[in-house]
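With these hints in hand, go ahead and build the complete structure from the sequences.
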Amino acid sequence: MIRMGLLGRLRSLLQSIFGKKHVRIGIYGPPNAGKTTLANRIARDWSGDVVGAVSEVPHETRRAQKKDNIVIKNGDSSLTLDIVDTPGIATKVDFHDFMEYGLSEEEARKRAKEATEGVIEAIRWLDNVDGVILLMDSTQNPFTQVNVTIIGNLEARELPVLIAANKIDLDGSTPATLKSAFPQHEVIPISALTGYNVEMLYNAMIKTFGKAKRK
Amino acid sequence: MTEIKVNLISHQKLEGLSTEEKIQFILQEVEKGEILVLERGLSAEEQAKLIEKTMKEINPDKFIGIEMESYKEYGEKGFFKRLIGKIRQPRITLIGPADKLKTVYKDNDVIKTIIKGR
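Respectively, the protein sequence lines represent chains A and B.
Just so we're aligned: 51 in our numbering is position 51 of the first sequence, and the numbers increase by one with no gaps anywhere.
Just so we're aligned: 5 in our numbering is position 5 of the second sequence, and the numbers increase by one with no gaps anywhere.
Just so you know, these hints were derived from the structure itself, not from any lab.
Some hints could be false.
[Said to hold, decoys possible] Reference excerpt, derived from the structure (chain A facing chain B, CB under 8 Å, subset only):
| id | residue |
| --- | --- |
| 1 | A112 |
| 2 | V119 |
| 3 | V148 |
[Stated by the list, open to error] Where chain A lies over chain B, by a calculated footprint (3+ residues, C-beta under 8 Å):
| id | stretch |
| --- | --- |
| 4 | 39-50 |
| 5 | 58-72 |
| 6 | 106-114 |
It should be emphasised that the depicted structure is a prediction, and the values quoted were computed from it without experimental measurement.
Glycine included, C-beta positions come from ideal geometry on N, C-alpha and C.
Structure, rendered in structure tokens:
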């Protein structure tokens with residue numbers, strides 16, 4: 001037992017220096033940024049599976065969805081990920097917004113209730129991830145309070161973060177604006193839908209999250 | 001002429017309160033329809049707590065949530081930064097009911113909002 005204790009401490013010490021090869025990564029962002037599309041892209045590319053359903057109606061993901069043991073590789077480097085696809089974080093939820101997408105009032109009210117619970121769950125997951133991919137819609141203004149609040153919480157927790165500027169396949173995409181908004185973080189322009197530039201994201205994930213300290 | 005009331009809350013008013021007390025004060029005011037400008041804002045962790053609490057308070061027919069805008073905190077976090085006193089400082093923050101306050105523009109240096117009269 002003493003020997004195991006020493007080994008455990010040695011392992012912890014080495015992990016604190018060199019990081020882990022198995023980490024839990026949260027995909028965060030505002031509603032409709034494409035978080036589940038990215039989670040599905042990662043899962044499909046590396047395990048042939050999907051994580052969840054996608055929709056143009058905001059707050060489609062209202063419970064955190066997990067996919068464990070996804071191994072991503074780059075040459076001799078590899079990293080095992082447990083991906084947590086979190087519900088979109090918002091400061092307001094109005095059921096009338098869902099009715100504009102054709103939902104009945106009853107459906108819209110139910111969705112709104114579930115969406116509020118999803119936001120709470122997403123925030124609570126911040127205490128249980130080793131790193132974060134913060135996904136932003138590069139066709140939208142990045143200076144939103146949700147982005148500022150998430151970034152602030154990641155910095156306060158000293159969690160490694162990659163910002164993915166999604167939807168660069170769309171007209172009006174300006175990933176350069178995201179880079180200027182968050183110059184202290186690495187920003188990778190991608191299209192989770194088409195897969196454009198996701199290789200660069202995978203390489204950055206191995207580099208950045210491979211050094212994360214596992215909780 | 002529509003009259004619009006904005007409450008400017010000093011740093012001293014909130015500094016003695018715990019996070020829970022701050023959030024309770026803010027939400028009570030905002031749910032009454034008040035618009036608050038906090039001189040020393042909220043930390044990122046407090047903002048996250050405020051969002052959590054707001055979600056619990058949402059009532060589809062009375063309160064749909066908040067609009068909150070602030071600038072990024074000053075300073076950096078980290079052992080050495082803390083050692084030399086460079087801790088992060090929250091900045092001025094605007095908070096109001098989402099059906100009354102709407103942000104129309106924001107960048108690193110400017111926040112533009114409109115307040116709807118009732």
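Hint check results:
1. A112: A/A112 check passes; min Cβ-Cβ to chain B is 6 Å, inside 8 Å.
2. V119: holds, 5 Å
3. V148: holds, 6 Å
4. 39-50: Holds: 5 residues of the stretch 39-50 of chain B have a Cβ under 8 Å from chain A.
5. 58-72: Holds, because 11 residues of the stretch 58-72 of chain B bring their Cβ atoms closer than 8 Å to Cβ atoms of chain A.
6. 106-114: holds (count 3)
Checked against the numbered hints above, the structure breaks none of them.
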